[in-house]
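Asker: These protein sequences, in sequence, are chains A and B.
So in the working numbering, spot 38 of the first sequence is number 38, and the numbers just go up one at a time.
So in the working numbering, spot 188 of the second sequence is number 188, and the numbers just go up one at a time.
In short, the hints are calculated from the structure, not lab data.
Note that CB positions come from ideal geometry on N, CA and C, so glycine has one too.
Do not rely on the hints blindly, as some may be mistaken.
[To be verified] No farther apart than 27 angstroms at their CA atoms in a straight line, the calculated lysine-lysine pairs in the BS3-like style are these:
id: 1; chain 1: B; residue 1: K404; chain 2: A; residue 2: K63
id: 2; chain 1: B; residue 1: K404; chain 2: A; residue 2: K173
id: 3; chain 1: B; residue 1: K300; chain 2: A; residue 2: K63
id: 4; chain 1: B; residue 1: K300; chain 2: A; residue 2: K173
[Said to hold, decoys possible] Chain B is nowhere near these chain A residues, computed Cβ spacing over 12 angstroms in every case:
id: 5; residue: H56
id: 6; residue: M258
id: 7; residue: G260
id: 8; residue: T278
id: 9; residue: L304
Here's the letter readout for the chains.
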Amino acid sequence: MTTIGLPFTKHTLGNGLDVIVHEAHHVPIVAVNVWYHVGSKNERPGRTGFAHFFEHLMFEGSKHHPGGYFPPLQNAGGLLNGSTNTDRTNYWEVVPTSAIDLALWMESDRMGYLLPAVTADRFETQRDVVLNERRQNYENRPYGMAIIALSAALYPPDHPYHWVTIGAAEDLKAMRLDEVQQFFRTYYHPANASLVLAGDIDTARALDLADSYFGDLPAGPRPARITVSGSLAREYRLKIEDRVELPRVYMAWHSPAMFGDGDAEMDLLADLLANGKTSRLYRTLVYERRIAVDVSAHQSSRELGSFFLVAATAAPGQSLSDIASAIDAELQAVISEGPSAADMERAEAQIEAHFLYRLQTVGGFGGKSDQLNAYNVFCGDPAFFARDVARYREATQETVRAAAADVLRFDARVILSIVPLGRHELALAGSEPIAVS
Amino acid sequence: MNVDRSRLPDVGADPDFRFPVIVRHTLSNGLNVRTVEHHTVPIVTMVVQVEGGSGADPSGQEGLAAITADMVDEGTGSLSAIDVSDAITRIGAEYDLDVAPDVTTFSLTTLERFAGRGAALLADLLVRPSLRDDDFERVRRLRVDRLRQLKDVAPAVAERAFLRLMYGQHPYGHLSIGSDAALRELSTGDVAGFHSSRFVPSTATLVIAGDMSHDQMFDLAEEAFGGWSGDPLPGWVRASEVAPPDGPVRRLAIVPRDGAAQSELRIGHLSVERNTPDYPPLLVMNSVLGGQFVSRVNLKLREEKGYTYGARTGFDWRRGKAPFALHASVHTASTADAVRDSLEELEGLRGARPVTSAELALAKASLTRGYPRNFETAGQVARGVAQLALYGLPDTYFQEFVPKVNSVTVDEVSRVAATYLRPERLTTLVVGDHAAIGEPLSRLLGEPIVLSPEM
């Protein structure tokens with residue numbers, strides 16, 4: 001088996017900013033990747049969507065370059081983007097080696113000096129942009145409201161995962177400019193951030209540059225860690241009507257937190273249930289019985305606790321109840337007997353390949369710089385790559401079976417039916433209609 | 001410490017970029033093989049491109065190329081579809097396919113030590129697929145059901161309607177998935193016929209890029225694909241050789257989507273072939289207009305007006321005349337305003353507001369300075385080289401790209417804008433809430449053609 005690794009050097013600046021450097025010289029580019037340890041989990045009910053909305057403002061310019069974040073970097077041939085989820089917000093640039101100073105100047109300026117550039121005009125326009133992002137990705141997309149309904153059902157109203165990252169439309173409309181300033185002061189500072197430089201750059205020079213550009217930014221207070229717990233007391237059955245042709249059923253469970261015991265097992269289980277024609281659910285529902293047109297399974301790993309999701313769309317004329325029974329039978333089989341030896345052999349080849357494929361790019365979403373920051377922010381150690389590979393390799397038939405048995409409880413889950421408009425009778429029996437907007 | 005924040009730091013000279021050497025071979029069966037060494041991680045990507053994309057679908061058999069491609073991994077020799085999936089998984093491989101207008105491309109990425117098994121499997125699938133009736137029925141039904149679901153996906157509805165508006169009955173005038181009526185009529189025999197006449201070595205290209213030597217990759221090609229035989233269909237005319245209809249005058253088309261939160265927009269017309277010598281100035285023109293975040297269209301519709309999460313323009317390149325269009329999904333209430341602003345931007349560039357030298361510089365820099373990042377992975381390299389084969393571009397293409405783009409002038413951009421942007425021939429297609437958007441749009445563009453979302 002190939003030995004794979006992700007070597008790095010880490011140094012923490014006086015203001016608390018972690019700086020991590022990884023060298024890779026085959027293409028003359030450098031990835032700059034900044035994580036702020038803030039996501040929608042840091043919001044409050046009635047004030048949702050804030051972390052993501054804030055991400056938009058970060059591209060509108062900062063004090064010493066108020067004319068927008070994109071133009072200088074685009075002019076240098078850079079590619080850039082950012083994203084927000086429940087747990088963290090990331091920002092990245094991939095620039096030619098010759099533009100590394102520029103990228104660091106820009107990132108440090110918005111870390112240290114964003115607020116003077118945030119005007120009421122920009123605030124209002126980005127509010128409209130984000131409302132349109134919500135329409136495009138949720139409201140105007142088939143099954144787009146499912147994740148909103150599932151999050152609300154899995155977690156109680158005061159739980160930080162009760163709402164989705166895009167936020168509630170009414171909260172977005174009610175958001176005020178002064179709240180932005182407070183949010184920035186709380187979460188956007190060196191002590192709550194982590195910077196990775198990866199690519200065609202020497203480590204010593206990278207550390208020097210990071211210190212020059214970020215070293216004099218004032219440290220802020222480290223935000224308190226959020227701790228919560230939650231469980232489902234029973235099976236909840238819900239239904240939504242949507243502009244769809246074919247009904248779909250979702251089943252969701254609470255599952256082990258990201259990097260926690262059982263997290264890797266549930267990820268492996270998702271693959272063996274629904275990835276490819278050999279997977280159990282695909283083979284039974286789509287390939288053999290042909291009662292579903294698609295099926296998916298996913299361990300959605302998160303910091304405070306994950307959820308495991310199975311979804312299947314009915315073939316025309318097929319009932320969600322038959323599909324749900326067939327899913328339950330497969331789940332029961334894996335809970336009782338665990339994966340087969342062949343399942344584990346397939347998983348082994350895939351683990352090695354997937355970790356190797358992840359080492360192909362230095363930047364962007366999921367590239368090496370993003371992975372180093374994930375390990376640093378969530379585990380406090382960029383060296384976690386090796387442990388990450390190991391926890392997958394150490395999984396056995398029995399540990400996967402045990403994780404499945406622990407998580408996939410029929411008496412503690414959310415089952416959501418999404419049915420065509422006016423066809424509520426196609427939902428699973430006993431489902432309560434819910435309104436999602 | 002104490003960085004000078006009064007000005008942005010200078011950017012140094014662009015780093016040297018050398019695209020790796022492409023080595024060509026032709027196997028005795030005529031298969032065109034190109035290999036590229038890429039030594040970063042022990043991975044290899046193989047790409048096979050066969051003539052016959054969705055533009056090769058015979059009239060009345062729209063969807064044949066795509067369903068044939070889909071049948072490729074449904075079994076070979078003694079292996080069932082399940083066995084094939086198992087074999088792919090056991091070498092940690094990623095298998096993918098893309099049905100484009102002119103060609104269909106299959107790719108397999110695997111660990112270098114499984115390269116031999118990967119190549120043999122890919123060859124078995126492409127050259128000797130089982131094409132069994134029972135698998136075909138299942139695959140066809142899944143595609144019919146998928147088409148039915150796409151009726152609710154606004155961007156898919158827009159793509160389908162826009163292609164039809166652009167090309168009419170031309171072979172490019174449909175989505176690769178085809179139509180419900182055509183899919184229901186297809187048979188395994190049709191698939192076998194398409195496969196035997198299109199999946200032939202003399203018109204196909206195999207690209208291998210990865211952590212191996214040229215010789216090793218060539219041996220891999222010979223070993224796996226040397227026994228491939230077959231001849232192309234005599235007298236076959238490529239879709240790109242069929243003249244598309246003349247563009248109509250300015251028109252409005254609406255696909256009703258009651259109560260939709262947003263309107264899906266396509267505004268465009270047919271333009272020019274990918275092979276045109278005007279490609280570099282067209283690329284620059286598009287960057288200025290809507291090809292990047294800092295472009296006229298996105299700055300206007302998103303950053304100034306907040307009508308949309310994002311707006312862009314682009315060419316849907318192919319060997320024949322390509323559609324050029326603006327794409328955006330805009331708030332229902334802002335639809336007519338967004339269309340008016342879009343039309344103004346499309347007209348402005350060739351009229352009252354030609355490209356400025358600052359815009360030209362920004363567009364060129366953004367296209368050229370970051371160019372090396374397009375070749376970071378073996379997969380990017382292999383797919384890039386396959387594109388050269390598709391369009392008949394020279395092996396020196398990637399090396400020449402940057403200087404060619406950098407030599408584009410303001411006058412050239414103005415010339416290609418005047419030649420290829422045709423405001424008087426723009427088709428505006430809107431998938432949206434007819435009751436809410438119909439009247440304001442009609443005031444702007446006249447009575448609409450109303451189309452059905454049926455695929």
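Asker: The structure should be examined with respect to each hint, and the outcome stated for every one.
Answerer: The hints, checked one at a time:
no.: 1; hint: B:K404 with A:K63; verdict: violated, 37 angstroms
no.: 2; hint: B:K404 with A:K173; verdict: violated, 48 angstroms
no.: 3; hint: B:K300 with A:K63; verdict: holds, 23 angstroms
no.: 4; hint: B:K300 with A:K173; verdict: holds, 22 angstroms
no.: 5; hint: H56; verdict: violated, 10 angstroms
no.: 6; hint: M258; verdict: holds, 23 angstroms
no.: 7; hint: G260; verdict: holds, 26 angstroms
no.: 8; hint: T278; verdict: violated, 5 angstroms
no.: 9; hint: L304; verdict: holds, 28 angstroms
The structure is inconsistent with the numbered hints 1, 2, 5, 8, although it conforms to all the rest.
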